[in-house]
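The task is to assemble the complex, starting from two chains supplied on their own in separate frames and drawing on the hints.
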Amino acid sequence: MENTNEMQLIFDSRSSNESFARVTVAAFMTSLNPTVEEVSDVKTAVSEAVTNAVIHGYEGEVKDVIIRCRTEERTLYIEVEDKGKGIEDVEAAMEPLFTTKPDLDRSGMGFSFMEAFMDELEVESKPGEGTVVRMKKIIGKGRKLWTTQSL
Amino acid sequence: MKYQVQENCLTIFLPKELDHHNAEEIRKESDHLIERNHIRYVIFDFADTIFCDSSGIGVIMGRYKRIYMLGGEVCAVHANERMKKMLVMSGVTKIMQIYEEEK
Ligand SMILES: Nc1ncnc2c1ncn2[C@@H]1O[C@H](COP(=O)(O)OP(=O)(O)OP(=O)(O)O)[C@@H](O)[C@H]1O
Ligand SMILES: [Mg+2]
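From first to last, the protein sequence lines are chains D and C. Counting from 1 along the first sequence, just add 2 to a position and that's the residue number in this note's numbering. Counting from 1 along the second sequence, just add 1410 to a position and that's the residue number in this note's numbering.
Don't read these hints as lab results, they were simulated from the structure. Incorrect hints may appear among the rest.
[Claimed, not checked] Calculated cross-link-like contacts (lysine-lysine; reagent style DSBU-like; alpha-carbon spacing at most 35 Å):
1) Lys-1475(C) to Lys-1495(C)
2) Lys-128(D) to Lys-1412(C)
3) Lys-65(D) to Lys-1504(C)
4) Lys-65(D) to Lys-1426(C)
5) Lys-128(D) to Lys-1495(C)
6) Lys-103(D) to Lys-1412(C)
7) Lys-87(D) to Lys-65(D)
8) Lys-143(D) to Lys-1412(C)
9) Lys-1494(C) to Lys-1475(C)
10) Lys-1504(C) to Lys-1426(C)
11) Lys-1475(C) to Lys-143(D)
12) Lys-1475(C) to Lys-85(D)
Same shape as in the complex, but just chain C (with noise of 0.2 Å):
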């Protein structure tokens, strides 16, 4: 998983193919990431992602609960309109913000 630690910000750079197999791997990494640096932001990069299906979006949710628990916040960046469209369609939207371009 390539990802960048800035104080206690997490950012994970999505691979290009967000699907079960590859799911698994964040899950996992980022979990043990936020409770070794004390994460309270979580930042999902779309810029190399071109496939994502219901496992992507289930990775993204499952680090919200997480995050939401100790008081955080997880938003998602360079999301093109079919991850948009899979993101308003799963009720994502109404939890994080998807920014256009980096914060």
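Here chain D stands alone, though its shape is the one from the complex (with noise of 0.2 Å):
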């Protein structure tokens, strides 16, 4: 399709990490021509996913993260996945405040926030084998083409 665009990144689960995956997604989504707001969900939202990916699925040890962004017109889909040790409960893990690390000052608010910040949220997790998050979100949502107003 001509409207397209895909990218695969792989990197190692270090919380250095962190900043240079939100940044590349970012850098990523710039051909939809997103607002400073949108950019700025994004970020928060790959943050997360990868921060749980580092924090939860690998427990502090240094394996492979994977982040696939696909732009479909003005659709953005990132998918972040770790082989870690996934979850058991997910509907109760994505509940606001609920956390299994809250000695490490963890909120619990992951989740919540990638799903305020995007349009969609699926999780996909097995005990044992690790986490997949997909979110999706439309990028210039009320925002009117230049080209299709009568000039």
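Encoded structure:
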């Protein structure tokens, strides 16, 4: 298809790579002409998913985190995957303020922020196998293209 | 970490990017300062912060718990609309004040 674009990113699950990951996705989405606000939304959501892979998925071990991005027309699709420990109860994990690591100053707001800042959020996880977080955001909602307006 | 101690008040000038990576340093250093200087008041200054995620919220909540146990208070200044939205969503605004200007 014409208006599609894809990229994949594989990097070590180190906390120092969290900013690299979100900046890379932000750079990838620039072709959709996002607003500053939309870029911030995506950066926060990517940061949440990657941080979860680092802290919960691999629990400090250095292994691969995989990000897959695709744009299709005005829609941005993002997948963040780890092959770490997985989530026992996904529904409970997605509740606001739910955390399994309160001792590490976790607030339990990661999934809530992903949900708030993206249009769709889906989590697939298997204990012992890993987690895939799928997110979608339509860029330029409510923004009219000047070409569609009568001059 | 950029900070200022005035008597029993600690002002933390939060970094540009308040994520998991940077939050760790703030947690360690601020806890050390709180203990050593008998801190009772902590001001989180967001003036330089352009990015924040749940790790930033976590570090604030963690310091609140500690200071609350010591009978003190925590507040935030210079938070932009986005930071405020995140603080409201996580319920932090129920336990601490957010000031527009420095007290
Ligand atoms: N990639 C993952 N692998 C394993 N467990 C995960 C993963 N992502 C999330 N979880 C589980 O889901 C819970 C909720 O995640 P969420 O991001 O909402 O909160 P948190 O990471 O605990 O805290 P915060 O994001 O506010 O710092 C986590 O505490 C953890 O138990
Ligand atoms: Mg999280």
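Right, here's what the structure says about each hint:
no.: 1; hint: Lys-1475(C) to Lys-1495(C); verdict: holds, 21 Å
no.: 2; hint: Lys-128(D) to Lys-1412(C); verdict: violated, 42 Å
no.: 3; hint: Lys-65(D) to Lys-1504(C); verdict: violated, 39 Å
no.: 4; hint: Lys-65(D) to Lys-1426(C); verdict: holds, 27 Å
no.: 5; hint: Lys-128(D) to Lys-1495(C); verdict: holds, 32 Å
no.: 6; hint: Lys-103(D) to Lys-1412(C); verdict: holds, 27 Å
no.: 7; hint: Lys-87(D) to Lys-65(D); verdict: holds, 12 Å
no.: 8; hint: Lys-143(D) to Lys-1412(C); verdict: violated, 39 Å
no.: 9; hint: Lys-1494(C) to Lys-1475(C); verdict: holds, 20 Å
no.: 10; hint: Lys-1504(C) to Lys-1426(C); verdict: holds, 25 Å
no.: 11; hint: Lys-1475(C) to Lys-143(D); verdict: violated, 40 Å
no.: 12; hint: Lys-1475(C) to Lys-85(D); verdict: holds, 34 Å
In terms of the numbered hints stated before, the structure departs from hints 2, 3, 8, 11, listed from lowest to highest.
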